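**Student:** Sequence:
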Amino acid sequence: MPEAVQAALAMVLSGEGLLSILAGVLIGLVVGCVPGLNVTMGMILLLPFTFSLEPASAVGLLMGIYISAMTAGAVPPVLFGIPGVPSSAATVMDGYALCRQGRAGKALGVAMLVGIVGGLIGVALLMVSAPLIARVALNFGPAEIFAVVLFGLTSISEVTGMGLVKSLIAAGLGLMLTTIGMDPLLGTARYNFGSAAPVEVDLVAAMLGVFAIPRVIEQLVRRPGREAVTLDYRVSAELPTWAELRSLWWVLLLSSLIGVFAGAIPGPGGPVAVFLSYDLVRRLSKSPDPPFGQGNLAGVAAPEAANNAITGGALIPMLTLGVPGEPPAAVLMGALLIHGLRPGPLLFQQNAAFVYSIFLAMLVGNLFSLVISVWAIRLYVNVLRIPKAYLMPVILVLAVVGSYSISHNMADVYVMLGLGLVSYLLEKGGFPTMPMVLGLVLGGTAESEFRRALILSAGDYTVFLRSPISLTFLVAAFLWVFGPTLWQVVRGLRPAATESD
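Throughout the sequence shown, residue numbering follows the UniProt record's numbering, covering 1 to 501 in sequence.
Just so you know, the hints here were simulated from the structure itself, not pulled from any lab data. Here the structure is a predicted model, which means the values were calculated and not measured. Wrong hints could be hidden among the right ones.
[As the list claims (entries may be wrong)] In silico lysine-lysine, DSSO-like type, Cα no more than 27 angstroms apart, as pairs:
no.	residue 1	residue 2
1	K166	K428
2	K428	K388
3	K166	K286
All chains, full assembly: derive it from the sequences and hints.
**Tutor:** Right, here's the structure in full:
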(Lines of atoms letter the chains of each structure in order from A; the text may use other names.)
(Lines give C-alpha, C1' and ligand atoms only; values in the text may rest on other atoms or scores of the structure.)
Protein backbone atom coordinates (compact mmCIF):
# COMPACT_ATOMS: atom_id res chain seq x y z
CA MET A 1 0.00 0.00 0.00
CA PRO A 2 2.67 2.63 0.84
CA GLU A 3 4.44 1.76 -2.40
CA ALA A 4 1.23 2.41 -4.35
CA VAL A 5 0.77 5.78 -2.63
CA GLN A 6 4.37 6.76 -3.36
CA ALA A 7 3.95 5.79 -7.00
CA ALA A 8 0.75 7.83 -7.19
CA LEU A 9 2.49 10.86 -5.69
CA ALA A 10 5.26 10.54 -8.24
CA MET A 11 2.75 10.44 -11.10
CA VAL A 12 0.56 13.33 -9.95
CA LEU A 13 3.27 15.66 -8.60
CA SER A 14 5.48 15.33 -11.66
CA GLY A 15 5.83 18.31 -13.97
CA GLU A 16 3.53 16.81 -16.58
CA GLY A 17 0.97 15.78 -13.98
CA LEU A 18 0.73 19.20 -12.31
CA LEU A 19 0.65 21.07 -15.63
CA SER A 20 -2.10 18.80 -16.91
CA ILE A 21 -4.24 19.41 -13.82
CA LEU A 22 -3.59 23.17 -13.97
CA ALA A 23 -4.48 23.31 -17.66
CA GLY A 24 -7.67 21.39 -16.99
CA VAL A 25 -8.63 23.75 -14.17
CA LEU A 26 -8.10 26.84 -16.34
CA ILE A 27 -10.09 25.36 -19.21
CA GLY A 28 -12.86 24.27 -16.85
CA LEU A 29 -13.19 27.77 -15.41
CA VAL A 30 -13.91 29.08 -18.91
CA VAL A 31 -16.31 26.23 -19.72
CA GLY A 32 -18.27 26.75 -16.50
CA CYS A 33 -18.64 30.51 -17.01
CA VAL A 34 -20.14 30.35 -20.51
CA PRO A 35 -23.90 29.65 -20.57
CA GLY A 36 -24.66 26.77 -22.90
CA LEU A 37 -21.32 25.05 -22.53
CA ASN A 38 -21.21 22.16 -20.10
CA VAL A 39 -18.55 20.08 -18.46
CA THR A 40 -19.29 16.99 -20.56
CA MET A 41 -18.85 18.95 -23.78
CA GLY A 42 -15.58 20.45 -22.53
CA MET A 43 -14.19 17.06 -21.53
CA ILE A 44 -15.14 15.51 -24.88
CA LEU A 45 -13.44 18.33 -26.80
CA LEU A 46 -10.22 17.81 -24.83
CA LEU A 47 -10.34 14.02 -24.93
CA PRO A 48 -8.22 13.69 -28.12
CA PHE A 49 -5.42 15.69 -26.47
CA THR A 50 -5.10 13.02 -23.78
CA PHE A 51 -4.09 10.27 -26.20
CA SER A 52 -0.41 11.24 -26.10
CA LEU A 53 -0.30 11.81 -22.33
CA GLU A 54 0.49 9.37 -19.59
CA PRO A 55 -2.66 7.82 -18.08
CA ALA A 56 -2.34 9.76 -14.81
CA SER A 57 -1.77 13.05 -16.66
CA ALA A 58 -4.72 12.36 -18.97
CA VAL A 59 -6.99 11.76 -15.99
CA GLY A 60 -5.58 14.87 -14.29
CA LEU A 61 -6.46 17.03 -17.31
CA LEU A 62 -10.03 15.73 -17.48
CA MET A 63 -10.55 15.85 -13.71
CA GLY A 64 -9.30 19.45 -13.67
CA ILE A 65 -11.96 20.37 -16.22
CA TYR A 66 -14.64 18.47 -14.31
CA ILE A 67 -13.85 20.03 -10.93
CA SER A 68 -13.33 23.65 -11.96
CA ALA A 69 -16.26 23.73 -14.40
CA MET A 70 -18.58 22.67 -11.58
CA THR A 71 -17.14 25.45 -9.39
CA ALA A 72 -17.30 28.14 -12.07
CA GLY A 73 -20.83 27.09 -12.91
CA ALA A 74 -21.97 29.40 -10.09
CA VAL A 75 -20.89 32.51 -12.01
CA PRO A 76 -23.72 32.80 -14.61
CA PRO A 77 -26.57 32.16 -12.13
CA VAL A 78 -25.19 34.66 -9.62
CA LEU A 79 -24.25 37.48 -12.01
CA PHE A 80 -26.97 37.12 -14.65
CA GLY A 81 -29.59 34.80 -13.16
CA ILE A 82 -28.86 32.33 -15.97
CA PRO A 83 -27.75 28.79 -15.05
CA GLY A 84 -25.17 27.50 -17.49
CA VAL A 85 -26.16 23.90 -16.73
CA PRO A 86 -29.31 22.35 -15.20
CA SER A 87 -27.56 21.56 -11.91
CA SER A 88 -26.97 25.31 -11.34
CA ALA A 89 -30.63 26.26 -11.57
CA ALA A 90 -31.20 26.22 -7.80
CA THR A 91 -28.35 28.71 -7.29
CA VAL A 92 -30.30 31.34 -9.23
CA MET A 93 -32.91 31.83 -6.52
CA ASP A 94 -30.67 33.28 -3.82
CA GLY A 95 -27.47 33.95 -5.78
CA TYR A 96 -29.08 36.36 -8.22
CA ALA A 97 -31.03 37.99 -5.39
CA LEU A 98 -27.73 38.72 -3.63
CA CYS A 99 -26.32 40.15 -6.85
CA ARG A 100 -29.26 42.53 -7.21
CA GLN A 101 -28.60 43.67 -3.65
CA GLY A 102 -25.02 44.60 -4.61
CA ARG A 103 -23.52 41.53 -2.90
CA ALA A 104 -22.37 39.59 -5.94
CA GLY A 105 -18.86 39.21 -4.52
CA LYS A 106 -20.22 37.69 -1.33
CA ALA A 107 -22.46 35.28 -3.25
CA LEU A 108 -19.58 34.14 -5.46
CA GLY A 109 -17.25 33.83 -2.47
CA VAL A 110 -19.70 31.59 -0.63
CA ALA A 111 -20.50 29.55 -3.74
CA MET A 112 -16.88 28.88 -4.64
CA LEU A 113 -15.47 28.31 -1.16
CA VAL A 114 -18.34 26.09 -0.06
CA GLY A 115 -18.30 24.35 -3.44
CA ILE A 116 -14.61 23.49 -3.14
CA VAL A 117 -15.10 22.18 0.40
CA GLY A 118 -18.03 20.11 -0.86
CA GLY A 119 -15.78 18.74 -3.59
CA LEU A 120 -13.12 17.81 -1.01
CA ILE A 121 -15.77 16.04 1.08
CA GLY A 122 -16.77 14.12 -2.03
CA VAL A 123 -13.16 13.08 -2.62
CA ALA A 124 -12.76 12.03 1.02
CA LEU A 125 -15.88 9.86 0.89
CA LEU A 126 -14.71 8.40 -2.42
CA MET A 127 -11.40 7.43 -0.83
CA VAL A 128 -12.70 5.90 2.39
CA SER A 129 -16.12 4.46 1.59
CA ALA A 130 -16.46 3.90 -2.16
CA PRO A 131 -17.28 0.15 -1.92
CA LEU A 132 -19.84 0.71 0.86
CA ILE A 133 -21.63 3.54 -0.95
CA ALA A 134 -21.62 1.50 -4.16
CA ARG A 135 -23.34 -1.40 -2.40
CA VAL A 136 -25.98 0.93 -0.97
CA ALA A 137 -26.50 2.57 -4.37
CA LEU A 138 -27.19 -0.84 -5.89
CA ASN A 139 -30.36 -1.02 -3.77
CA PHE A 140 -31.83 1.89 -5.73
CA GLY A 141 -33.85 0.46 -8.59
CA PRO A 142 -36.46 2.19 -10.76
CA ALA A 143 -39.08 2.30 -7.98
CA GLU A 144 -36.65 3.84 -5.50
CA ILE A 145 -35.33 6.40 -7.98
CA PHE A 146 -38.89 7.42 -8.92
CA ALA A 147 -39.73 7.93 -5.24
CA VAL A 148 -36.64 10.11 -4.77
CA VAL A 149 -37.52 12.22 -7.81
CA LEU A 150 -41.13 12.56 -6.66
CA PHE A 151 -39.85 13.73 -3.29
CA GLY A 152 -37.81 16.37 -5.13
CA LEU A 153 -40.90 17.52 -7.03
CA THR A 154 -42.74 18.21 -3.76
CA SER A 155 -40.70 21.39 -3.33
CA ILE A 156 -42.52 23.18 -6.19
CA SER A 157 -44.97 25.11 -4.03
CA GLU A 158 -42.70 26.34 -1.26
CA VAL A 159 -39.59 26.94 -3.34
CA THR A 160 -41.18 30.10 -4.78
CA GLY A 161 -43.73 31.16 -2.18
CA MET A 162 -46.26 32.11 -4.92
CA GLY A 163 -49.00 29.65 -4.05
CA LEU A 164 -49.67 26.01 -4.73
CA VAL A 165 -52.08 26.41 -7.68
CA LYS A 166 -49.83 28.61 -9.79
CA SER A 167 -46.82 26.48 -8.92
CA LEU A 168 -48.65 23.30 -9.97
CA ILE A 169 -49.69 24.89 -13.28
CA ALA A 170 -46.10 25.92 -14.02
CA ALA A 171 -44.74 22.53 -12.96
CA GLY A 172 -47.34 20.75 -15.08
CA LEU A 173 -46.21 22.76 -18.09
CA GLY A 174 -42.62 21.70 -17.47
CA LEU A 175 -43.62 18.05 -17.07
CA MET A 176 -45.62 18.14 -20.30
CA LEU A 177 -42.69 19.60 -22.21
CA THR A 178 -40.52 16.64 -21.21
CA THR A 179 -42.90 14.27 -23.00
CA ILE A 180 -42.24 15.88 -26.40
CA GLY A 181 -39.78 13.89 -28.49
CA MET A 182 -38.67 10.29 -28.44
CA ASP A 183 -40.29 7.88 -26.03
CA PRO A 184 -37.53 6.97 -23.51
CA LEU A 185 -38.45 3.27 -23.51
CA LEU A 186 -40.10 2.55 -26.86
CA GLY A 187 -37.97 4.85 -29.00
CA THR A 188 -40.97 6.14 -30.98
CA ALA A 189 -41.73 9.80 -31.69
CA ARG A 190 -44.60 11.40 -29.78
CA TYR A 191 -46.21 14.84 -29.65
CA ASN A 192 -44.03 16.02 -32.53
CA PHE A 193 -46.89 17.86 -34.29
CA GLY A 194 -46.66 15.54 -37.29
CA SER A 195 -43.13 16.59 -38.13
CA ALA A 196 -40.91 14.07 -39.90
CA ALA A 197 -37.85 15.65 -38.31
CA PRO A 198 -37.04 14.73 -34.70
CA VAL A 199 -38.59 17.24 -32.29
CA GLU A 200 -37.36 17.37 -28.71
CA VAL A 201 -37.11 19.92 -25.92
CA ASP A 202 -33.45 19.87 -24.97
CA LEU A 203 -32.92 20.63 -21.30
CA VAL A 204 -29.99 23.02 -21.76
CA ALA A 205 -31.79 24.97 -24.50
CA ALA A 206 -34.89 25.14 -22.32
CA MET A 207 -32.90 26.43 -19.34
CA LEU A 208 -31.25 29.13 -21.45
CA GLY A 209 -34.63 30.21 -22.75
CA VAL A 210 -36.39 30.24 -19.38
CA PHE A 211 -33.71 32.29 -17.64
CA ALA A 212 -31.92 34.33 -20.34
CA ILE A 213 -34.63 35.50 -22.73
CA PRO A 214 -36.91 37.13 -20.08
CA ARG A 215 -33.95 39.22 -18.89
CA VAL A 216 -33.25 40.32 -22.47
CA ILE A 217 -36.90 41.23 -23.05
CA GLU A 218 -36.99 43.17 -19.78
CA GLN A 219 -34.02 45.21 -20.97
CA LEU A 220 -35.76 45.91 -24.29
CA VAL A 221 -38.93 47.24 -22.66
CA ARG A 222 -37.10 49.13 -19.90
CA ARG A 223 -36.35 52.80 -20.23
CA PRO A 224 -32.73 53.64 -21.04
CA GLY A 225 -30.45 54.10 -18.08
CA ARG A 226 -27.76 52.36 -16.14
CA GLU A 227 -28.33 50.41 -12.98
CA ALA A 228 -25.92 51.31 -10.27
CA VAL A 229 -24.23 48.30 -8.72
CA THR A 230 -22.16 48.54 -5.57
CA LEU A 231 -18.87 46.71 -6.00
CA ASP A 232 -16.44 45.74 -3.28
CA TYR A 233 -13.02 44.73 -4.53
CA ARG A 234 -11.53 43.61 -1.22
CA VAL A 235 -11.03 39.87 -1.18
CA SER A 236 -11.80 39.79 2.54
CA ALA A 237 -15.24 41.19 1.81
CA GLU A 238 -15.88 38.65 -0.94
CA LEU A 239 -15.21 35.55 1.17
CA PRO A 240 -17.61 34.42 3.90
CA THR A 241 -16.63 35.39 7.42
CA TRP A 242 -15.81 32.82 10.06
CA ALA A 243 -19.19 33.43 11.71
CA GLU A 244 -20.96 32.83 8.41
CA LEU A 245 -18.99 29.63 7.83
CA ARG A 246 -19.92 28.34 11.29
CA SER A 247 -23.58 28.97 10.55
CA LEU A 248 -23.27 27.07 7.27
CA TRP A 249 -21.38 23.98 8.49
CA TRP A 250 -24.48 21.79 8.71
CA VAL A 251 -25.65 23.02 5.30
CA LEU A 252 -22.28 22.10 3.83
CA LEU A 253 -22.23 18.64 5.40
CA LEU A 254 -25.85 17.72 4.58
CA SER A 255 -25.66 18.98 0.99
CA SER A 256 -22.31 17.28 0.36
CA LEU A 257 -23.67 13.94 1.56
CA ILE A 258 -26.71 14.33 -0.70
CA GLY A 259 -24.45 15.22 -3.63
CA VAL A 260 -22.13 12.24 -3.12
CA PHE A 261 -25.00 9.79 -2.80
CA ALA A 262 -26.92 11.23 -5.77
CA GLY A 263 -23.79 11.05 -7.90
CA ALA A 264 -23.31 7.41 -6.94
CA ILE A 265 -26.78 6.45 -8.21
CA PRO A 266 -26.82 6.21 -12.01
CA GLY A 267 -29.88 8.14 -13.14
CA PRO A 268 -30.97 11.05 -10.91
CA GLY A 269 -27.71 13.00 -11.10
CA GLY A 270 -26.92 16.60 -10.27
CA PRO A 271 -30.27 18.37 -10.77
CA VAL A 272 -32.01 16.07 -8.30
CA ALA A 273 -29.21 16.53 -5.76
CA VAL A 274 -29.17 20.33 -5.88
CA PHE A 275 -32.94 20.74 -5.65
CA LEU A 276 -33.20 18.16 -2.87
CA SER A 277 -30.42 19.80 -0.87
CA TYR A 278 -31.88 23.27 -1.37
CA ASP A 279 -35.34 22.15 -0.32
CA LEU A 280 -34.15 20.17 2.71
CA VAL A 281 -31.98 23.04 3.94
CA ARG A 282 -34.87 25.46 3.47
CA ARG A 283 -37.26 23.21 5.40
CA LEU A 284 -34.78 22.55 8.22
CA SER A 285 -33.82 26.20 8.67
CA LYS A 286 -35.60 27.86 11.57
CA SER A 287 -36.64 31.48 10.98
CA PRO A 288 -34.22 32.16 8.09
CA ASP A 289 -33.16 35.78 7.79
CA PRO A 290 -33.45 36.84 5.03
CA PRO A 291 -35.98 34.30 3.73
CA PHE A 292 -34.91 31.80 1.11
CA GLY A 293 -35.22 33.21 -2.38
CA GLN A 294 -34.37 36.72 -1.17
CA GLY A 295 -30.60 36.42 -0.74
CA ASN A 296 -30.02 33.81 1.97
CA LEU A 297 -26.41 32.56 1.95
CA ALA A 298 -27.57 29.04 2.84
CA GLY A 299 -29.60 29.08 -0.38
CA VAL A 300 -26.34 29.52 -2.28
CA ALA A 301 -24.26 27.14 -0.17
CA ALA A 302 -26.67 24.18 -0.32
CA PRO A 303 -26.88 23.67 -4.10
CA GLU A 304 -23.22 24.51 -4.70
CA ALA A 305 -21.95 22.09 -2.05
CA ALA A 306 -24.13 19.32 -3.47
CA ASN A 307 -23.17 20.18 -7.05
CA ASN A 308 -19.44 19.95 -6.36
CA ALA A 309 -19.68 16.87 -4.14
CA ILE A 310 -21.19 15.01 -7.10
CA THR A 311 -17.73 14.83 -8.69
CA GLY A 312 -16.63 12.37 -6.03
CA GLY A 313 -19.90 10.46 -5.94
CA ALA A 314 -20.06 10.00 -9.71
CA LEU A 315 -16.72 8.18 -9.70
CA ILE A 316 -17.81 5.65 -7.07
CA PRO A 317 -19.86 3.36 -9.36
CA MET A 318 -17.45 3.99 -12.24
CA LEU A 319 -14.36 2.85 -10.33
CA THR A 320 -15.97 0.08 -8.29
CA LEU A 321 -18.56 -1.32 -10.72
CA GLY A 322 -17.57 0.03 -14.12
CA VAL A 323 -20.86 1.98 -14.36
CA PRO A 324 -20.54 5.79 -14.64
CA GLY A 325 -22.84 7.75 -12.37
CA GLU A 326 -22.77 10.95 -14.45
CA PRO A 327 -22.02 11.86 -18.11
CA PRO A 328 -18.60 13.37 -17.21
CA ALA A 329 -17.72 10.11 -15.45
CA ALA A 330 -18.60 8.29 -18.68
CA VAL A 331 -16.10 10.47 -20.58
CA LEU A 332 -13.48 9.74 -17.94
CA MET A 333 -14.25 6.04 -18.21
CA GLY A 334 -13.71 6.28 -21.96
CA ALA A 335 -10.31 7.85 -21.37
CA LEU A 336 -9.35 4.99 -19.06
CA LEU A 337 -10.39 2.40 -21.63
CA ILE A 338 -8.37 4.20 -24.32
CA HIS A 339 -5.29 3.89 -22.10
CA GLY A 340 -5.93 0.18 -21.52
CA LEU A 341 -7.43 0.46 -18.03
CA ARG A 342 -10.77 -1.21 -17.35
CA PRO A 343 -12.78 0.29 -14.46
CA GLY A 344 -14.30 -2.18 -12.05
CA PRO A 345 -13.46 -4.19 -8.93
CA LEU A 346 -10.20 -5.51 -10.40
CA LEU A 347 -8.88 -1.98 -10.99
CA PHE A 348 -8.19 -1.55 -7.26
CA GLN A 349 -6.25 -4.83 -7.15
CA GLN A 350 -4.32 -4.60 -10.40
CA ASN A 351 -3.68 -0.83 -10.60
CA ALA A 352 -3.83 0.47 -7.03
CA ALA A 353 -1.25 3.18 -7.75
CA PHE A 354 -3.33 4.53 -10.62
CA VAL A 355 -6.49 4.60 -8.47
CA TYR A 356 -4.64 6.58 -5.82
CA SER A 357 -3.40 8.93 -8.54
CA ILE A 358 -7.04 9.70 -9.39
CA PHE A 359 -7.74 10.56 -5.75
CA LEU A 360 -4.65 12.78 -5.56
CA ALA A 361 -5.47 14.47 -8.87
CA MET A 362 -8.90 15.37 -7.51
CA LEU A 363 -7.37 16.81 -4.33
CA VAL A 364 -4.82 18.87 -6.26
CA GLY A 365 -7.48 19.97 -8.76
CA ASN A 366 -9.73 21.23 -5.96
CA LEU A 367 -6.85 23.17 -4.40
CA PHE A 368 -5.90 24.74 -7.75
CA SER A 369 -9.55 25.58 -8.38
CA LEU A 370 -9.87 27.18 -4.94
CA VAL A 371 -6.90 29.51 -5.40
CA ILE A 372 -7.74 30.53 -8.96
CA SER A 373 -11.48 30.88 -8.36
CA VAL A 374 -11.08 33.12 -5.31
CA TRP A 375 -8.57 35.26 -7.19
CA ALA A 376 -10.94 35.53 -10.15
CA ILE A 377 -13.93 36.74 -8.12
CA ARG A 378 -12.91 40.36 -8.61
CA LEU A 379 -12.70 39.78 -12.36
CA TYR A 380 -16.15 38.22 -12.40
CA VAL A 381 -17.71 41.07 -10.44
CA ASN A 382 -16.18 43.57 -12.87
CA VAL A 383 -18.62 42.28 -15.48
CA LEU A 384 -21.37 44.11 -13.59
CA ARG A 385 -19.76 47.41 -14.57
CA ILE A 386 -20.84 46.80 -18.16
CA PRO A 387 -24.17 48.57 -18.85
CA LYS A 388 -26.96 46.10 -19.41
CA ALA A 389 -27.76 47.74 -22.73
CA TYR A 390 -24.47 46.29 -23.98
CA LEU A 391 -24.39 43.17 -21.83
CA MET A 392 -27.80 41.74 -22.77
CA PRO A 393 -27.05 41.45 -26.51
CA VAL A 394 -23.94 39.47 -25.61
CA ILE A 395 -26.01 37.18 -23.39
CA LEU A 396 -28.53 36.71 -26.21
CA VAL A 397 -25.76 35.76 -28.63
CA LEU A 398 -24.29 33.31 -26.10
CA ALA A 399 -27.73 31.78 -25.54
CA VAL A 400 -28.25 31.29 -29.28
CA VAL A 401 -24.76 29.87 -29.79
CA GLY A 402 -25.09 27.64 -26.74
CA SER A 403 -28.44 26.28 -27.90
CA TYR A 404 -27.19 25.62 -31.42
CA SER A 405 -24.00 23.94 -30.22
CA ILE A 406 -25.98 21.21 -28.41
CA SER A 407 -26.78 19.24 -31.55
CA HIS A 408 -26.11 21.77 -34.34
CA ASN A 409 -29.84 22.01 -34.93
CA MET A 410 -31.77 25.26 -35.32
CA ALA A 411 -34.76 23.56 -33.67
CA ASP A 412 -32.98 23.91 -30.31
CA VAL A 413 -32.64 27.66 -30.93
CA TYR A 414 -36.35 27.93 -31.71
CA VAL A 415 -37.16 25.98 -28.53
CA MET A 416 -34.96 28.31 -26.52
CA LEU A 417 -36.57 31.46 -27.95
CA GLY A 418 -40.12 30.08 -27.67
CA LEU A 419 -39.74 28.99 -24.05
CA GLY A 420 -38.12 32.33 -23.28
CA LEU A 421 -41.18 34.19 -24.54
CA VAL A 422 -43.50 31.83 -22.63
CA SER A 423 -41.47 32.34 -19.44
CA TYR A 424 -41.65 36.12 -19.82
CA LEU A 425 -45.43 35.97 -20.21
CA LEU A 426 -45.71 33.64 -17.20
CA GLU A 427 -43.71 36.06 -15.06
CA LYS A 428 -45.91 38.95 -16.17
CA GLY A 429 -48.95 36.89 -15.22
CA GLY A 430 -47.63 36.22 -11.73
CA PHE A 431 -46.66 32.60 -12.35
CA PRO A 432 -43.32 31.33 -11.01
CA THR A 433 -40.95 29.83 -13.57
CA MET A 434 -38.86 27.79 -11.15
CA PRO A 435 -41.51 25.03 -10.81
CA MET A 436 -41.51 24.77 -14.61
CA VAL A 437 -37.74 24.36 -14.50
CA LEU A 438 -38.12 21.72 -11.79
CA GLY A 439 -40.60 19.86 -13.98
CA LEU A 440 -38.25 20.08 -16.97
CA VAL A 441 -35.29 18.83 -14.95
CA LEU A 442 -36.99 15.97 -13.13
CA GLY A 443 -39.84 15.04 -15.46
CA GLY A 444 -37.86 12.82 -17.83
CA THR A 445 -36.31 10.81 -15.02
CA ALA A 446 -39.64 10.48 -13.20
CA GLU A 447 -41.44 9.15 -16.28
CA SER A 448 -38.78 6.69 -17.40
CA GLU A 449 -38.20 5.24 -13.92
CA PHE A 450 -41.95 5.02 -13.19
CA ARG A 451 -42.60 3.09 -16.39
CA ARG A 452 -39.50 0.94 -15.97
CA ALA A 453 -40.62 -0.06 -12.47
CA LEU A 454 -44.06 -1.06 -13.78
CA ILE A 455 -42.54 -3.07 -16.62
CA LEU A 456 -40.27 -4.99 -14.25
CA SER A 457 -43.19 -5.68 -11.89
CA ALA A 458 -45.59 -6.72 -14.70
CA GLY A 459 -47.83 -3.73 -14.02
CA ASP A 460 -48.05 -4.19 -10.25
CA TYR A 461 -48.37 -0.72 -8.70
CA THR A 462 -47.58 -2.07 -5.25
CA VAL A 463 -43.94 -2.26 -6.33
CA PHE A 464 -43.61 1.31 -5.07
CA LEU A 465 -44.81 0.24 -1.61
CA ARG A 466 -42.91 -3.02 -1.21
CA SER A 467 -39.49 -1.41 -1.09
CA PRO A 468 -38.68 0.22 2.29
CA ILE A 469 -36.62 2.90 0.53
CA SER A 470 -39.37 3.74 -1.95
CA LEU A 471 -42.05 3.70 0.74
CA THR A 472 -40.00 6.01 2.97
CA PHE A 473 -39.59 8.64 0.26
CA LEU A 474 -43.24 8.40 -0.81
CA VAL A 475 -44.42 8.91 2.77
CA ALA A 476 -41.98 11.80 3.16
CA ALA A 477 -43.29 13.38 -0.06
CA PHE A 478 -46.88 13.05 1.18
CA LEU A 479 -46.02 14.62 4.53
CA TRP A 480 -44.06 17.48 2.91
CA VAL A 481 -47.11 18.43 0.84
CA PHE A 482 -50.06 17.62 3.09
CA GLY A 483 -48.41 17.59 6.53
CA PRO A 484 -49.07 21.28 7.36
CA THR A 485 -52.72 20.98 6.26
CA LEU A 486 -53.25 17.81 8.28
CA TRP A 487 -51.66 19.43 11.31
CA GLN A 488 -54.01 22.41 11.06
CA VAL A 489 -56.99 20.05 10.80
CA VAL A 490 -55.84 18.14 13.88
CA ARG A 491 -55.33 21.36 15.83
CA GLY A 492 -58.79 22.54 14.77
CA LEU A 493 -60.39 19.31 16.03
CA ARG A 494 -58.80 19.54 19.47
CA PRO A 495 -60.83 22.52 20.74
CA ALA A 496 -64.03 20.90 19.40
CA ALA A 497 -63.21 17.68 21.22
CA THR A 498 -62.46 19.62 24.40
CA GLU A 499 -65.78 21.51 24.26
CA SER A 500 -67.74 18.28 23.73
CA ASP A 501 -66.15 16.80 26.84
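**Student:** Determine for every hint whether it applies to the structure shown.
**Tutor:** Verification of the hints:
Restraint check for K166 and K428: the C-alpha separation of about 13 angstroms stays at or below 27 angstroms, so the hint holds. Restraint check for K428 and K388: satisfied, since their Cα atoms lie roughly 21 angstroms apart, inside the 27 angstroms limit. As the CA atoms of K166 and K286 are separated by approximately 26 angstroms, the hinted pair is consistent with the 27 angstroms bound.
No hint from the list above goes unmet by this structure.
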